[in-house]
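Please build the complete structure, drawing on both the sequences and the hints.
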Amino acid sequence: MTRFPKDFVWGTATAAHQIEGGNVNSDFWLAENVPETIFREPSGDACDSYHRYGEDIALAAELGFNTHRFGIEWARIEPEPGVFSRAALDHYLRVLDCCHAHGLAPMVSLNHWTVPRWFAARGGFEREDSPDLFARFADQVGRHLGDGMAYVTTFNEANIQRVIGSTFHNPKAAPGLAAMKQACARACGSDRFSMVQFATSDEIEAQLVESHHRAVQALRAGPGNFELGVTISMAEVEGVGEDNQAEAFENDLYGPWLEVAKTADFVGVQTYTRYRIGPEGRLRLPPDAVRTDMGYEYRPEALEATVRFAARRIGRPIIVTEHGIASSDDTRRVALIDTALEGLERCLADGIDLRGYVHWSLLDNFEWVLGYGMRFGLVEVDRTTFARTAKPSARHLGKIARLSRDHNVDAMKG
Numbered sequence: 001m002t003r004f005p006k007d008f009v010w011g012t013a014t015a016a017h018q019i020e021g022g023n024v025n026s027d028f029w030l031a032e033n034v035p036e037t038i039f040r041e042p043s044g045d046a047c048d049s050y051h052r053y054g055e056d057i058a059l060a061a062e063l064g065f066n067t068h069r070f071g072i073e074w075a076r077i078e079p080e081p082g083v084f085s086r087a088a089l090d091h092y093l094r095v096l097d098c099c100h101a102h103g104l105a106p107m108v109s110l111n112h113w114t115v116p117r118w119f120a121a122r123g124g125f126e127r128e129d130s131p132d133l134f135a136r137f138a139d140q141v142g143r144h145l146g147d148g149m150a151y152v153t154t155f156n157e158a159n160i161q162r163v164i165g166s167t168f169h170n171p172k173a174a175p176g177l178a179a180m181k182q183a184c185a186r187a188c189g190s191d192r193f194s195m196v197q198f199a200t201s202d203e204i205e206a207q208l209v210e211s212h213h214r215a216v217q218a219l220r221a222g223p224g225n226f227e228l229g230v231t232i233s234m235a236e237v238e239g240v241g242e243d244n245q246a247e248a249f250e251n252d253l254y255g256p257w258l259e260v261a262k263t264a265d266f267v268g269v270q271t272y273t274r275y276r277i278g279p280e281g282r283l284r285l286p287p288d289a290v291r292t293d294m295g296y297e298y299r300p301e302a303l304e305a306t307v308r309f310a311a312r313r314i315g316r317p318i319i320v321t322e323h324g325i326a327s328s329d330d331t332r333r334v335a336l337i338d339t340a341l342e343g344l345e346r347c348l349a350d351g352i353d354l355r356g357y358v359h360w361s362l363l364d365n366f367e368w369v370l371g372y373g374m375r376f377g378l379v380e381v382d383r384t385t386f387a388r389t390a391k392p393s394a395r396h397l398g399k400i401a402r403l404s405r406d407h408n409v410d411a412m413k414g
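Here our numbering is used: the first residue of the sequence shown is 1, the next is one more, and so on.
It is possible that some hints are incorrect.
What the hints assert, rightly or not - Straight-line C-alpha distance at most 30 Å; calculated DSS-like pairs for lysine-lysine:
| # | residue 1 | residue 2 |
| --- | --- | --- |
| 1 | K6 | K391 |
| 2 | K399 | K6 |
| 3 | K262 | K6 |
To be verified - Pairwise CB distance ranges (calculated):
| # | residue 1 | residue 2 | range |
| --- | --- | --- | --- |
| 4 | P42 | D129 | 41 to 47 Å |
| 5 | T331 | T263 | 25 to 31 Å |
| 6 | G22 | G103 | 26 to 32 Å |
| 7 | K6 | P279 | 46 to 52 Å |
| 8 | Q182 | A221 | 26 to 32 Å |
Bear in mind the hints are in silico, worked out from the structure with no lab data behind them.
By construction, the Cβ of each residue, glycine as well, lies at the ideal position given by its N, Cα and C atoms.
Right, dumping it as structure tokens:
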């Protein structure tokens, strides 16, 4: 067995809106609660992590991790245009301090898809001046939080519009989505409502790229000595048959973001599955394919493939910033982790500059339009009491992380 480096990043990931609860000034909160919503249920109190973050961080440390990835919520920090909440910034400063107190390096996401509702109602990232506003937000974050952050990423899965357009587009869902956004616009007294997850790359990608670069400039101008990265949703892309369209599919999946990542301190690889591409495009899964609860192919080997792809095409240090499975059977999560980590060991043995593995997610949380039915967490959360219960997979991955830091290879085998 190849030893993971002693300073390897081992962590778990969360997102602000999915765990904090009560994110009332955000675009998603509004979209979840209009009568025309396409969400199965509203986020509500989520995991109440806005108040229970100390418990979550202490648990992550006790399990054996050394890094904690979490999001800060723009809608809390700037609830109205140009009005910044010192109380919200101080809250996230306490989260950072709590991470350090428990020996966890904080990995901060500036944007995990949610934005202030005022920003969505003015056109979101469709507006040409949106990079100015995002940079202004990043500047505030850097000034107040910069000294406490170890890693920062700008947009979570910066290519999410391409992912949804290339792989999950459902024409039958379009009318419902349009009705929901129209209802949100009316509620805001606007004629538009643009949401990151539900926009198209043609509408917002140029502004997202510029927003990323402007945010990097703003953060670099402030205090702190952190690494700045960009996370990309990646899938193993396998060409099938002669004249397959795998290369064209990859180009459409990633767009400009591979080039953007070449300017970053690290690239965050986020992988869940594989796509098989034939001459006519993406192939359907066969009826006997093993699937996750989300319905896509169970493919733990995909992570090794995407790490190798990132190393080959981007050439920057790599941190796996998300990888996991939606499953109510925790033994499948353990099996996924073991197979995926074996692949990462092979990457390290081949000299790939792989620096960490961050599992999605620490908690069973709010899975966007699917509500609370999808269980990605290493830790179960009681929906009534918010009690946290570590699953066997949490102990399993935490043990690997702890033992790898001791370079105790024989113990890892056991």
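Practice prompt. Using the Cβ atoms, figure out if Q182 sits within 26 to 32 Å of A221.
Written response: violated, 39 Å
Worksheet item: Can the restraint linking K399 and K6 be considered satisfied, given a maximum Cα separation of 30 Å?
Response: holds, 14 Å
Worksheet item: Does K262 pair with K6 here, judged by a C-alpha cut-off of 30 Å?
Response: This hinted pair holds, its Cα atoms lying about 26 Å apart.
Discussion item. Holds or violated: the 46 to 52 Å window for the beta-carbon distance between K6 and P279?
Written reply: At roughly 47 Å between Cβ atoms, P279 and K6 fall inside 46 to 52 Å, so the hint holds.
Item to complete: Given the hint that K6 pairs with K391, test it: the Cα-Cα distance must not exceed 30 Å.
Response: Since the Cα atoms of K6 and K391 sit roughly 25 Å apart, the hinted pair holds (cutoff 30 Å).
Practice prompt. Note whether the CB distance of T331 and T263 lies within 25 to 31 Å or breaks it.
Written response: violated, 41 Å
Worksheet item: Is 41 to 47 Å right for how far apart the beta carbons of P42 and D129 are?
Response: violated, 31 Å
Discussion item. Verify the CB-CB distance for G22 and G103 against the hinted window 26 to 32 Å.
Written reply: holds, 29 Å
In terms of the numbered hints stated before, the structure departs from hints 4, 5 and 8, listed from lowest to highest.
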